[in-house]
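Engineer: Sequence:
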Amino acid sequence: MGLLTDQQLHNLAMNLVGKDLEELGYEFLAVNSKKSKNPQFVATKEKKLIFVVVRAVNYPDNPVLYDEELMGKVSKHGINYEAKTFYAGVGVANSVSYELPVDSEQDYVLNYTGLIEIK
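First residue of the sequence shown? That's 1 in my numbering, and the numbers climb one at a time after it.
Hints were generated in silico from the structure; no laboratory data involved.
Computed from a predicted structure; not experimentally measured.
Don't be surprised by glycine CBs; every beta carbon is placed ideally from N, CA and C.
Be aware that one or more of the hints could be misleading.
Below, computed lysine-lysine pairings styled on DSSO-like, alpha-carbon distance capped at 30 angstroms [to be verified]:
no.	residue 1	residue 2
1	Lys35	Lys73
2	Lys37	Lys47
3	Lys76	Lys47
4	Lys119	Lys47
5	Lys37	Lys84
6	Lys76	Lys37
7	Lys84	Lys45
8	Lys35	Lys84
9	Lys35	Lys19
10	Lys48	Lys37
11	Lys45	Lys19
12	Lys84	Lys73
13	Lys34	Lys47
14	Lys84	Lys47
15	Lys119	Lys35
16	Lys19	Lys76
17	Lys73	Lys119
18	Lys48	Lys119
19	Lys19	Lys84
20	Lys73	Lys48
21	Lys73	Lys19
22	Lys84	Lys119
23	Lys76	Lys48
24	Lys37	Lys119
25	Lys35	Lys48
26	Lys76	Lys34
27	Lys19	Lys37
28	Lys45	Lys35
29	Lys76	Lys35
30	Lys73	Lys34
31	Lys34	Lys84
32	Lys35	Lys47
33	Lys76	Lys119
34	Lys34	Lys19
35	Lys37	Lys73
36	Lys48	Lys84
So the derived label-pair ranges between C-beta atoms look like this [unchecked claim]:
no.	residue 1	residue 2	range
37	Glu69	Lys47	29 to 37 angstroms
38	Lys48	Lys76	28 to 36 angstroms
39	Glu105	Lys47	42 to 50 angstroms
40	His77	Asp107	32 to 40 angstroms
Generate the whole structure from the sequences, applying the supplied hints.
Structural biologist: Have a look at this one:
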């Protein structure tokens, strides 16, 4: 199989964040698995709308740091819909050695601390 592509890494992150949103009681209104389309999730809970931007972040980059310009744009878009905007960064690393790329033949580690609200 070989090294995971950026889209495959993004899909891992999407699956983790999607499960987290479900466990938090959110219902999905829209899901876009393309990394280039933002937000990836539009969801609702108790009539409150949220936008969630998901990013897979390769080690050693910090998954809680985000592109402020991008998140500002998504947040402004969210305000038009009375939606709160969140960033969900998922750190991804090869479990054999964090220095190695993520490979489909080896286990990997995910580092996700939850949703970060953008204000």
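Engineer: If a hint holds in the structure, say so; if it does not, say that too.
Structural biologist: Going through the hints against the structure:
1. Lys35 x Lys73: 15 angstroms, holds
2. Lys37 x Lys47: Satisfied, since the Cα-Cα distance of roughly 24 angstroms is no more than 30 angstroms.
3. Lys76 x Lys47: Roughly 19 angstroms between the alpha carbons, so the hint for Lys76 and Lys47 holds.
4. Lys119 x Lys47: At roughly 20 angstroms apart (the allowed maximum being 30 angstroms), Lys47 and Lys119 satisfy the hint.
5. Lys37 x Lys84: 17 angstroms, holds
6. Lys76 x Lys37: 15 angstroms, holds
7. Lys84 x Lys45: Distance ~11 angstroms between Lys84 and Lys45 Cα, so the pair holds.
8. Lys35 x Lys84: 20 angstroms, holds
9. Lys35 x Lys19: Satisfied, since the Cα-Cα distance of roughly 18 angstroms is no more than 30 angstroms.
10. Lys48 x Lys37: 22 angstroms, holds
11. Lys45 x Lys19: At roughly 15 angstroms apart (the allowed maximum being 30 angstroms), Lys19 and Lys45 satisfy the hint.
12. Lys84 x Lys73: 13 angstroms, holds
13. Lys34 x Lys47: With a Cα-Cα distance of about 26 angstroms, the restraint between Lys34 and Lys47 holds, given a limit of 30 angstroms.
14. Lys84 x Lys47: 12 angstroms, holds
15. Lys119 x Lys35: 22 angstroms, holds
16. Lys19 x Lys76: Holds, at about 26 angstroms.
17. Lys73 x Lys119: Judged against 30 angstroms, a Cα distance of about 11 angstroms means the pair holds.
18. Lys48 x Lys119: Since the Cα atoms of Lys48 and Lys119 sit roughly 16 angstroms apart, the hinted pair holds (cutoff 30 angstroms).
19. Lys19 x Lys84: 19 angstroms, holds
20. Lys73 x Lys48: 20 angstroms, holds
21. Lys73 x Lys19: Between Lys73 and Lys19 the Cα gap is close to 25 angstroms, so the pair holds against 30 angstroms.
22. Lys84 x Lys119: Measuring from Cα to Cα gives roughly 8 angstroms; hence the hint holds.
23. Lys76 x Lys48: 16 angstroms, holds
24. Lys37 x Lys119: It holds: about 20 angstroms lies between the C-alpha atoms, which stays within 30 angstroms.
25. Lys35 x Lys48: Since the Cα atoms of Lys35 and Lys48 sit roughly 24 angstroms apart, the hinted pair holds (cutoff 30 angstroms).
26. Lys76 x Lys34: 20 angstroms, holds
27. Lys19 x Lys37: Holds, at about 20 angstroms.
28. Lys45 x Lys35: It holds: about 24 angstroms lies between the C-alpha atoms, which stays within 30 angstroms.
29. Lys76 x Lys35: Cα-Cα ~19 angstroms, so holds.
30. Lys73 x Lys34: 17 angstroms, holds
31. Lys34 x Lys84: Holds - the C-alpha atoms of Lys84 and Lys34 are around 21 angstroms apart, at most 30 angstroms.
32. Lys35 x Lys47: 26 angstroms, holds
33. Lys76 x Lys119: 10 angstroms, holds
34. Lys34 x Lys19: 18 angstroms, holds
35. Lys37 x Lys73: The given pair, whose Cα atoms are some 12 angstroms apart, holds under the 30 angstroms limit.
36. Lys48 x Lys84: Holds, at about 8 angstroms.
37. Glu69 x Lys47: 29 to 37 angstroms: 30 angstroms, holds
38. Lys48 x Lys76: 28 to 36 angstroms: 18 angstroms, violated
39. Glu105 x Lys47: 42 to 50 angstroms: At 46 angstroms between Cβs, range holds.
40. His77 x Asp107: 32 to 40 angstroms: With a Cβ separation near 37 angstroms, His77 and Asp107 satisfy 32 to 40 angstroms, so the hint holds.
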